[in-house]
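Participant: The sequence shown begins at 1 in the numbering used here and counts up by one.
Take these hints with a grain of salt, some might be off.
To be verified - The following label-pair restraints were derived from C-beta to C-beta distances:
| no. | residue 1 | residue 2 | range |
| --- | --- | --- | --- |
| 1 | 27 | 278 | 30 to 36 Å |
| 2 | 330 | 123 | 36 to 42 Å |
| 3 | 273 | 124 | 43 to 49 Å |
| 4 | 175 | 363 | 41 to 47 Å |
| 5 | 341 | 174 | 31 to 37 Å |
The hints are simulated quantities; they were obtained by calculation from the structure and are not laboratory data. The structure displayed is predicted, hence computed values, not measured ones. Backbone N, C-alpha and C fix where the C-beta goes; we use that ideal spot for every residue, glycine too.
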Amino acid sequence: MTSSPRRIIILGATGTVGVRALEIIKESPVQWQICAVSAHSQQQQLSDLVDASIPQYLTSDTDDHQRLLDILQSGHYDICLNAVVGAAGLPFSEAVLSAGCDLALANKESLVMAGSILMSLAASNSATIVPVDSEHSAIFQCLIGETAPIKQLLLTASGGALRDMPLADLATATTAQALAHPNWDMGPRITIDSATMMNKAFEIIEAHCLFGVSAEQIKVLIHRQSVIHSMVEFLDGSIIAQLGPPDMGFPLHYALHYPTRTQSELNGFDIDLFSELSLELPDGERYPALALAQQAISMGNDAGAVLNAADEIAVASFMAGDIPFGDITKLCADALTNCCANKCDTISDVLAADLRSREYCQLQLS
1 MTSSPRRIII LGATGTVGVR ALEIIKESPV QWQICAVSAH SQQQQLSDLV
51 DASIPQYLTS DTDDHQRLLD ILQSGHYDIC LNAVVGAAGL PFSEAVLSAG
101 CDLALANKES LVMAGSILMS LAASNSATIV PVDSEHSAIF QCLIGETAPI
151 KQLLLTASGG ALRDMPLADL ATATTAQALA HPNWDMGPRI TIDSATMMNK
201 AFEIIEAHCL FGVSAEQIKV LIHRQSVIHS MVEFLDGSII AQLGPPDMGF
251 PLHYALHYPT RTQSELNGFD IDLFSELSLE LPDGERYPAL ALAQQAISMG
301 NDAGAVLNAA DEIAVASFMA GDIPFGDITK LCADALTNCC ANKCDTISDV
351 LAADLRSREY CQLQLS
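Construct the complete structure from the given sequences, taking the supplied hints into account.
Facilitator: Below, the structure is given as structure tokens:
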């Protein structure tokens, strides 16, 4: 007996992750029913990617924001891929989980900003958050069937585009240098965040929320080949790792098809291409952003929202040529010290903290 197609909504369909998701869906179109797609503004690209006859074909900009929330809150779908970039994705994650639908989450900012709220929503509405980040997908897969307590999570990181640049030159690295990632093909903001390792800082917070571990139980390791996507160490000292090529198609394919594994057209792991796998501890002087993750977790409340907003402003300013590379993390640290004040019980509280941090950072840059 043929099963019904899985009903999916794709948010951020014209971004790197969204485009890749559509490619995966096109591998087995009979398995899927695309209920809605959204893009921020790239309407022509959206029409090139998907059939405009899809019932809900829209953008997620200001004009269609409420319409999109209404669609998500309806619950007339099985899974939503949230691949929106930045804080703009948070209300959509809330709507999906409130509707009791599964969330394939590529928008890590949702958990960085409002992790405890979203995890509670998922639990109370019997919804599953399946992470799309390769590191969290790896941990998620390593933990399936495991009931023993976790000793620690080992998050791997490539080190970004500037990992071998002399420390003396790091503060004045150019945009082109910071965007030249050695392993991954990603969007511009996440590539810059990889260079500062603010992306890994956010992933520490995300792992803390998703897997219920303390900041002290999360260790970051530089893994230059980006083949070991992360590891879990258990109380008996055993470590389980998940490996695969540095290709976002793999965690995406897993998240979209969860809880089953299905055949894919992705090029699998070729050991001949990766005869050496290395692990090393990160340099705190090169990557001060990592300490900000620990600080944000310790502070709790609105700290994650403040940190993310500051990073969005800082990265945009760097990309525009308004601040040097070295000031990205400095601005984030400044905001974390001076903008965190309030307890966050609702998404409205979180968004207020986001706005407060943005206004503060803009003032510092003026």
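Participant: Each hint should be assessed against the structure and marked as holding or not.
Facilitator: Against the structure, the hints:
no.: 1; hint: 27 / 278: 30 to 36 Å; verdict: holds (33 Å)
no.: 2; hint: 330 / 123: 36 to 42 Å; verdict: holds (37 Å)
no.: 3; hint: 273 / 124: 43 to 49 Å; verdict: holds (45 Å)
no.: 4; hint: 175 / 363: 41 to 47 Å; verdict: violated (24 Å)
no.: 5; hint: 341 / 174: 31 to 37 Å; verdict: holds (36 Å)
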